[in-house]
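Visitor: So the chains spell out like this:
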Amino acid sequence: MSDYWNLPLNSQVDILINCLKKFGVLVGVLIGASILLFTAIHMLEGDPISLRLKNPDPETVALERERLGLNDPLPAQYVDYVSGFVVVDWGRSLITQRPVVEDVFSRLTATLELTLSAMFLGVLYGIPIALFASSSSAWIYRKISHGLGVIGVVIPIFWLGFILIVVGSLWLNVFPTEGRFDYTYDKPNVTGFLILDVLLTGRWELMGMVLRHLFLPAFCLSFYPAAVVINVIHPRLQDPLTRNLIVSLKARGFGPIRLWVKHLLKLAGAPLVTALGTNFGALLGGAVLTETVFSWPGMGSFLVGAILEKDLFVIENGFLFIILLVFAVVSVADVLANAMDPTLKRDHS
Amino acid sequence: MKRRAPIFDSLLGLVVLWACIGIFYTPYDPQSQAFTLERLSSPSASHWLGIDGLGRDLFSRIWLGSGHSIAMGLIATIGNLFLAGFFLVVEQRAPSWFSRLLLSFIAGWLAIPVLFIALLLLVYFDQGPTTIVIAAALGNVPFTFRQLRVLWRHQKETLYVQASRVLGSRSWNLFRKTIWPNLKPDVLGLGKLIFAFSLLEVSGLAFLGLIGDPDFAELGSILRQNKSYLLADPWQVIWPGVFLSGILLLVQLSRSEED
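Residue numbers (the numbering used here), protein chains in the order written: chain A, 1 to 349; chain B, 350 to 608.
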């Protein structure tokens, strides 16, 4: 978006208005989702507090509930909850007594590192495969691309993970079977994203180890975004008009790089961004499965544990945050796609 | 294009039938730990896929598991199609402000992954197969709704529907005699896709352990149970996945056969 300021004024205003609208949607989601979560939590059978206390006699339970503000009238509790969420005061876990914010962020960065690397990898090999299949006339490339587009969507990702462990760790003995970091080293802790932390602290000797931990899970998860990329690009470029464009561009003597990057990618760019955005939630779901296979210390086990243990504040705030995150990504993708392709706007209105 | 005989369709039918038999009959009792002495032994004539880590016949477990997975996937698919159809009828009939509200609600719902829906449902319900099926059915509703809506709008615009309407057919007859015969193949294709998604989601949720009962045989939960034997005997983990992927691939192939 570096050329935002070069756009005519009315498109700049359009993009701004679009951003504001998306922000409004996010606020709506915040309210809707928080009401949903709040009522869900308060319909819970069994008092989560009395399950946690060492001697749950009525007096201590009442005292504890009073301390956590659970005896206030419901509307007041709801306002407390939402305002607490907005100012990032998320309370403490009932089980570990650790601040929820810290736990959510340390888990979330692990999940995001995995998700974003997978998306990056998938796009990295998905785009060339799709473009190559569309611009070459050889039948075999089209088959490969089509096959990957089908398999990437339907293959059980958790099973693929085990296959990769068997091949990469047991047979080749190159990759570790689980975890994110080798704890014989001491862990750099700046942002929570390990690759970034290694870069920031300049401890290059750790880079290989971190990347080797990351590669198998990220590759496993990358099949999904790769399939999304292929399924979006391929039909677009199969369009008869586009095929003619390819032929004429080739006839003008454009090399493959220029043909693909400058012309074809531009055609498929906006829908690609939209598709990747809307599939971000599904990718997060896939990441949770991948985490379980590779014992990756991410959101998955954390949220499942919180639900099963009825950990009040983790559920209320952690879930709300994830839902908002998913919607934020979808909105950003939408704004980007709109900015990339002005014709999209006409479809919406 | 010449229409080929629907090989994959028939194969899929056979596999579904085979899996359903597994619910009622398996060579050995899938739950009883009868072969603890031969734990993790390799495949033999009497135990086709060997024995699992707790001394149970793996083939029997996978057979029953395929049955459970397919049944759960089918129920989720049917529920899903009904719900999406219901929303579509509401959207078409309701006043326009309500339809618009419904549409934006569904657009929002689309972004939330099934996994989180399942986890949220667990706040209300106990762990178990039913919860997983409900989650899988609910999770795909927005997708099905959108696909159905596209199909429906396309049908509404066609000349034969308009002609039939001009000739005075009432809405139920119009639907049953004019629209449905043309809609049916598309809805069946959509149903297959939803079935593939539901199957994948059901076993994914079971793999996460949301099915509760650790003994429950379902392809995903078998994978979870055998996860700890991955290093000792990789085939314990590979086999259930081979069956699951095989079924999913067949569904996809039979779907692409129709295009």
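Just so you know, the hints here were simulated from the structure itself, not pulled from any lab data.
Treat the hints with caution; some may be incorrect.
[To be verified] Which chain B residues face chain A? A few, computed with CB under 8 Å, are given here:
1) Ala460
2) Val463
3) Leu516
[Said to hold, decoys possible] As a list, the in silico SDA-like pairs of lysine to any residue whose alpha-carbon atoms are at most 25 Å apart:
4) A:Lys22 / B:Gly404
5) B:Lys541 / A:Val329
6) B:Lys576 / A:Gly179
7) B:Lys541 / A:Gly147
8) A:Lys22 / B:Lys541
9) B:Lys541 / B:Gly404
10) B:Lys576 / A:Gly147
Glycine included, C-beta positions come from ideal geometry on N, C-alpha and C.
Visitor: Each hint: holds or not?
Guide: Okay, the hints, checked on the actual structure:
{"no.": "1", "hint": "Ala460", "in the structure": "5 Å, holds"}
{"no.": "2", "hint": "Val463", "in the structure": "6 Å, holds"}
{"no.": "3", "hint": "Leu516", "in the structure": "34 Å, violated"}
{"no.": "4", "hint": "A:Lys22 / B:Gly404", "in the structure": "56 Å, violated"}
{"no.": "5", "hint": "B:Lys541 / A:Val329", "in the structure": "30 Å, violated"}
{"no.": "6", "hint": "B:Lys576 / A:Gly179", "in the structure": "15 Å, holds"}
{"no.": "7", "hint": "B:Lys541 / A:Gly147", "in the structure": "18 Å, holds"}
{"no.": "8", "hint": "A:Lys22 / B:Lys541", "in the structure": "34 Å, violated"}
{"no.": "9", "hint": "B:Lys541 / B:Gly404", "in the structure": "36 Å, violated"}
{"no.": "10", "hint": "B:Lys576 / A:Gly147", "in the structure": "28 Å, violated"}
In summary, the numbered hints that this structure violates are 3, 4, 5, 8, 9 and 10.
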